[in-house]
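Participant: Okay, here's what each chain looks like letter by letter:
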Amino acid sequence: MEHARVLRGVAGVAGFLAAAEIVGATGLIDDRFLPRMSSILRGAVELLADREFLADARATLAAWGLGLLLTVAVSVPAGLALGALPPVERAVRPLIEFLRPIPSVAIIPLAILLFSDNLHLRVAVIVYASSWPIVINTIYALKDVDPLAKETLRSFGFGPVSVLLRVSLPSAAPFIATGIRVAAGTAVILVVSAELLAGGSEGIGIYITEAAGGNRMDLMLAATLWAGLFGVLSNAVLVAVERRLFRWHDARTGAAR
Amino acid sequence: MLEITDLVHSYGSRRVLDGVSLRAAEGELVCVVGPSGCGKSTLLRSVAGLIRPTGGRVLIGGQPVERIPDNLAVVFQDYSRSLYPWMTAANNVALPLRRRGLDRRRRREAAMAALDQVGLADAADKYPWEMSGGMQQRVSIARALAYRPSLLLMDEPFGSVDAQTREDLEDLVLRVCAHHTMTTLLITHDIDESVYVGDRVVVLTRSPARVAADLPVDLGESRDQIATRQLDAFVRLRAEVGRLVRGGSPTSTVLEKH
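Sequence lines, in order, name chains A and B. Under this note's numbering, the first residue of the first sequence carries the number 1, and numbering increases by one thereafter. Under this note's numbering, the first residue of the second sequence carries the number 1001, and numbering increases by one thereafter.
Source of the hints: derived by calculation from the structure; they are not laboratory data. Just so it is clear, the structure is predicted and the values come from calculations on it, not from any experiment. Errors might be hidden in some of the hints.
To be verified - Covered, in the sense of this in silico footprint (three residues per stretch, anywhere, with C-beta under 8 Å from a C-beta of chain B), are these stretches of chain A:
no.	stretch
1	140-151
2	162-170
Claimed, not checked - What follows is a list of derived Cβ distance ranges for each label pair:
no.	chain 1	residue 1	chain 2	residue 2	range
3	A	Pro160	B	Asp1171	46 to 54 Å
4	A	Lys143	B	Ser1021	34 to 42 Å
5	B	Ile1068	A	Lys143	17 to 25 Å
6	A	Pro160	B	Gly1055	23 to 31 Å
To be verified - Stretches of chain B that chain A covers, calculated by requiring three or more beta carbons in the stretch to come under 8 Å of a beta carbon on chain A:
no.	stretch
7	1065-1076
8	1084-1096
Heads up, the beta-carbon is just placed ideally off N, CA and C, and yes, glycines get one too.
Let the hints inform the model, and build the full structure from the sequences given.
Facilitator: What follows is the structure, given as structure tokens:
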């Protein structure tokens, strides 16, 4: 079952690559505009030995990791506070509903004005954009905690803070984790966007801009490919962590993922 | 030990408890039986301090219940919601013991001892969702026992298990209640069960609940699922409780004995 699914996925990707290569080979598309798939893939492999690219990738990864860490540190407590205190949530709600639909990339110009340091800029943009899914998921998950589960601990004389930390937080944890996974994907988009728009000295976005400037479409797309692969990989890792940590949740809801 | 006087509770304009008074002596096992939705659970929650009743008084060991008392434990009907699925059975049982100021090792020991009492020593490291309903409710009972409460409250504790398991759990409760010196208030809608398990049966009327009758159970200390249920005294008392639950008035024969 699992095997068949993986096989089908691989077949789909291989089919797409082959089709792209064939279209390139027939000369339908001028390969000065869109390089052949084979040269993009060759470029992607070459990048692994390219010191400059590796330094850029490390810089992006560091900004992403730091940004995501800060996002979790800020948004989980914020979500817990809002979820546990409905009056505060009702007061803050209109603000959230106004800010959330603003495309996050649109705040990058503002961030450029506010931050002179490039790392600060990227981290700030990540924290702003990636906090929403975590905050929203945490609020809803807390609202959904079984009242009997809370009452049970209360009946043993535990206070509201203990109940929040020992019952509500673990109950909500699987949903918070999903929020973090969505946030991780958003953070990849934001960190590369910030590099593309704000420039700077290092980062995958910077590499892409420079490759485009040097008319190396193959390397530009190869770097883009790596950025995409990183997104896929981080998502897969987080899914695996969720499955391992929250076996009890899947077992209970009977979710076959 | 437990003294409930003139307890009144209303949800908005709907009155559910209409002056309920009952007492339970130290070590007694009192069953409260009444028709579905008559306010039995509201009664239990008032005693547990989980809700503040509209009127009346609850005393536990002479102390009025104002907040949640720290010498009582509750076993709820819905074990699957009341146990924590992210914890093993042993950790579920050990969790409330944090309130007792025990260190990790002592908590584990007390949890293992309680699980042993309910016959689950081997399942300590299993998760609730790996267990049958009956086993899960045993874990809930062990959790209450490990806490060593002086008052044990049980809200329809056998309402969600099959008949065979229900009988096993009834005998388990009889055994542990005899073993520990604690007062037990067991809420049920099952007439048969109230007579089989109780030292006394308190019958509530339809909502808003009042006490229809307070009947002693003269079946002796040791009870047996087959033999006890065949006794004339059991059959008579069961019929009497059944009549009362259906809204009848007490018959003179039982009243004389009372």
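Participant: Check the structure against each numbered hint from earlier and tell me which ones fail, lowest number first.
Facilitator: Violated hint: only 3; rest satisfied.
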